[in-house]
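Top to bottom, those sequences are chains A and B.
So for the first sequence, the numbering used here puts the first residue at 45; every next one is plus one.
So for the second sequence, the numbering used here puts the first residue at 38; every next one is plus one.
Each statement offered as a hint is correct.
Partial chain B-side listing against chain A, Cβ under 7 angstroms, derived:
1) T61
2) D122
3) A123
4) I223
5) V227
6) L233
7) G234
Here are the simulated DSBU-like pairs of lysine-lysine, each with C-alpha atoms no more than 30 angstroms apart in a straight line:
8) A:K215 <-> B:K240
9) B:K240 <-> A:K187
10) A:K215 <-> A:K187
11) A:K104 <-> A:K140
12) A:K140 <-> A:K187
The hints are simulated quantities; they were obtained by calculation from the structure and are not laboratory data.
Cβ atoms here follow ideal geometry from the backbone N, Cα and C, with glycine treated the same way.
Chain residues, written in single-letter form:
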Amino acid sequence: MKGLFQETIRAAERGVDGGEESVTYYYVERLLGNPSELQSGGDEGRAYLAVLLDTIGLRKESIRVLRDAFNPGKSDDSPALQNMEGMLAAAHGRYKRASDILNDALYSADSPQMRGKILANLAAVSLQAGRVDEADAWVNVSKSIQYSGDPAADVLIASVEVNIASARGNKQALRAAASSLRGASGPWIAELGPQHPQALAVVANMANAEIMVAYAEDSPIRLQHAIDVLEVAAFRLVAELGIDHPQSLRAMANLASANFERALTSGSAQNINQANVALAKIHGRIELSKREADIRTISSVRRLNIFGDPVRVTARLNAAQFNRAVAAELRTDVPRAYAGTEPWHDEVELARRIINSKNKKERNAALTVMVRQYDQVVTRFCAGMLSDPDAALDAAQNTFAHALTRLGEGRGPTLSDDRRRDELSAWLHIIARGNCIRLLRRRAQVFLSDVSVDDLPDDVEWRTGEAARRAYVQRLIDSVVATLTERQTQIYGLRFVEELSIRQIAERLDVSPRTAGNEVGILQALIADGVSALILAREGRDYCPDLGHILDEETFTDERFTSNLRNRIIRHFSTNKLGDACPICSSLRHQLLAPYSP
Amino acid sequence: MAVSDYWVEISRQGARLGAGFVLTRHHALTAFHCLRSISSDDEDVDLSFASGEVIQGRICERAMGADLALIDILKPNESTFILPDADRADRGDSWSAPYRPTTSDPYIGGDVLSGAMTYRCEAGHEIEALQLGCSQNLGDYSGYSGGPVERCVASGGPVLLGVLLEQYPDRQAHGRASNVLFAATISEAVRRFNHLGADHLFKVLYSDDKTLPISSTTFHRYDGTGFTYETEEGQDSRSGTPLESRIAAAGSILDALHEWVSSGVLDPTYASALTLRVAQRVVESSWVEDE
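Just chain B, same shape as in the assembly:
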């Protein structure tokens, strides 16, 4: 797999959903809204590379508030994957998107207007985003979402800057997009997933079952109603004692509370009371276990 072949088209049963790109041998990243039509009981998708190779994937984690989703690659390629270099963008950089929805669509690109701005995306959360000026006035950029944003460099491989998320509407012509696009920075995108967090990697590294791939061991999953802490097979966490499981579950609940407060769903005062109750439950259960 050459470095230029890291972006994919995501589809399901032949229907195109959007773009994405491979981050590691086991993970691909996309915009969550591209996968909105997929229900939680069957999360399998097809990932098609530019070379024509198709591999199977499964949604493993959703960051709905930031409009991002992480996909497991179920049968990773055996060969070494050459990652593009990732970097932070600066204002004035030239950018381009290597993915286009069909061969009859143009490639898009332009200048970075802001390299790391706080932006409240349509999904509700404030994210660290790139504001991109697009040189191609298409009026509608749907179909490009989820694809990578690269810095244009004269020599060497591409430099990955972010993941394309949104177009900004034209304030005068309703129904038409302006030539301003927004992308999550790559550091923001990878920060959003528990699967890519240090604590999860720590657990995976010392998991007793070394045959399990990196993504199918314990993880936090958000299914639209709350976080669960489970294995791919839907069992309780394999790691540690029941108390550790309860602590992990409590952590998930606290994360969810925090997210709801950030998105304005829950009143902070009420959330504080709930946080205290969660902590009390965990402490009480630890006493029971000790006895």
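Bound-form chain A, shown alone:
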């Protein structure tokens, strides 16, 4: 492994730990432009780097690292790399693509061990996609040819068998599968060591299988025992990997489900309520993480901000993380070339050093300062244009990549004397604007052009009922609008039916633009919360006893959604001044809204 490859791995690892992603991007671009450096990583190194890049959101780059970067469109024909690409596609819910890639990998794999791995992954992907029979077929292929020797593949095959048996309600097969899972897991745990996160994930997986067996055998003692083990394993995974890691989420979700089932059989209202809160909490997290990607699509409904909350949450999280990283970097790691008396903060001086300096070290230090100094400004600018924090980060990274390339080619900004201060900043903004426009055009093409279904991710493919969904959401909004006061209804008509500007609304209502703006803002929030309240009223009764009580008192029916009921439910799930929002409903409303979101 050559120096640049190692540097890129280190940069990506720092990125995973919260370090600056643009630095990783810079290294990755250099690596992808250098064939011998990229090949020097070997299959294992490239697969590892791809996972790191995928984790920090550089998904396209992760695929480019796996594929032959110098013959775009052509696979590298390395089954190990194809296998990894397939698993990354599956991790993002693109099961069809994952199956296709893994099939190709299986075709080109020549070692029995690699075939065993790929077959196990094919079985797991089929199961994740809900194709139980197909998963079973892959398991049978794997067993009949007896590709073994890889403990991870053996455990995965046994896990798939447990899930297939459970899905089919076949007790005998379930017992046999759980037993083979135990046999396969023991050696792997011993190989990994007792404190390895993967070993803990294997234990959580086994405990979940034991829970299924306990249900099948109707054994409460066995169930409790397995839940206790799952609880410890899940907590350890959260502590080691963080709550949003897929392994942690899976273990926590299994634990919450098992606890909920157990609470239901106990019949204690308090137990059910607490188990419900835990379940809602973890499902809310899962939905939120899924919807981060989903929320990127464009919809006219978004103007009402009904589905805006997760975007704002994500934006805040990204901003906080970003600010922390920048603050930390600037406090401790100002490049030595510019520390002390050097005017590194002077924009023109900085640009001059970047463009004119003959000293490579000094020039690189200046480039680093430029990225740090303008990253936040450029990211904010991109966020403003794209209304999407993740896309904004990507666009900002592209901006600096382009800027660094152009500067390297001597195509930097012209430094005139009369507009000294803004040259570099303006130049970066022009590049950023171009990147954002390209991204927006590409988004539009996804929806408007005749790209084949196979080229779309599965979640878009799934959304073929777009018109029906939109019509349903419109009916929800109509029901909420029916609960508005006369003036609110008038403002709704002006803003969202006639699509007037704030100034035009102010003229119509004979109020100041500021007052009109405030009223529109309040109305938007009210409609967004009102839709949540309506969905909770229709679908949330079984989850929350307090909500059920409110609905009974207000004698709710689908045709009878009143302003009083709307306000009571909003008060129930919103955080009010006393901070006593219902934890079930405040999380549940996001889950219930998810299927209708764009």
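Dock chain B against the given chain A, drawing on the hints supplied.
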């Protein structure tokens, strides 16, 4: 049990020992020095929640070098326990400690100065620790040890970051603490216990006796002189053959040797020779068993 009720006050026969917090339905975590006065022949303690509920606990494992101890909860609550989210801290995070020794003491909090640093704690081992700047200049933070360290978040539940262990002395005023505190990160804390390791959980999961709670089956216990591998009842390991027991016991001895080398008690060269002898004994005993 609400998520805010997971921290406990640890006491014994009415005497307050320190703070701790519940990790799972069966386990609570604290700083080992809080339990220093407890002898190994009677390890029962009382755990009092903020709600006033008191439950019985028993020390199940000590990580003396890292100043941490794990407590069994003897009669776990039947209802679902809602764990706080655990996370890694970043420099600049705001932290707070939800536990205070008495109602006349203030809550403490401040900024995280380092999210994951290597720190040699007073107990001797290097641990992954949080360095915390405390906004309340109390001069003495005794009584807060063992309690949880949380990240302050505007919305949602608390986020668990670590367990409070030490105060750093003021270098100019002897006998007075500076406002720098150290806590073990939560991942470091749970990594220190064999009871929470994957191999132990594996054994528990497939234990024949499903009526035994998770903590009373086989485990490694450090009693100050060495590791023993035993059940709560003090019998030999229930798992597997005598050979497997010997292998497990050998593992305990090797762990102890490793710990002594890390803490400087034992010379590494001498430890290597001892390691070889332990391995030889196990191999020889396996031959005897085969014959």
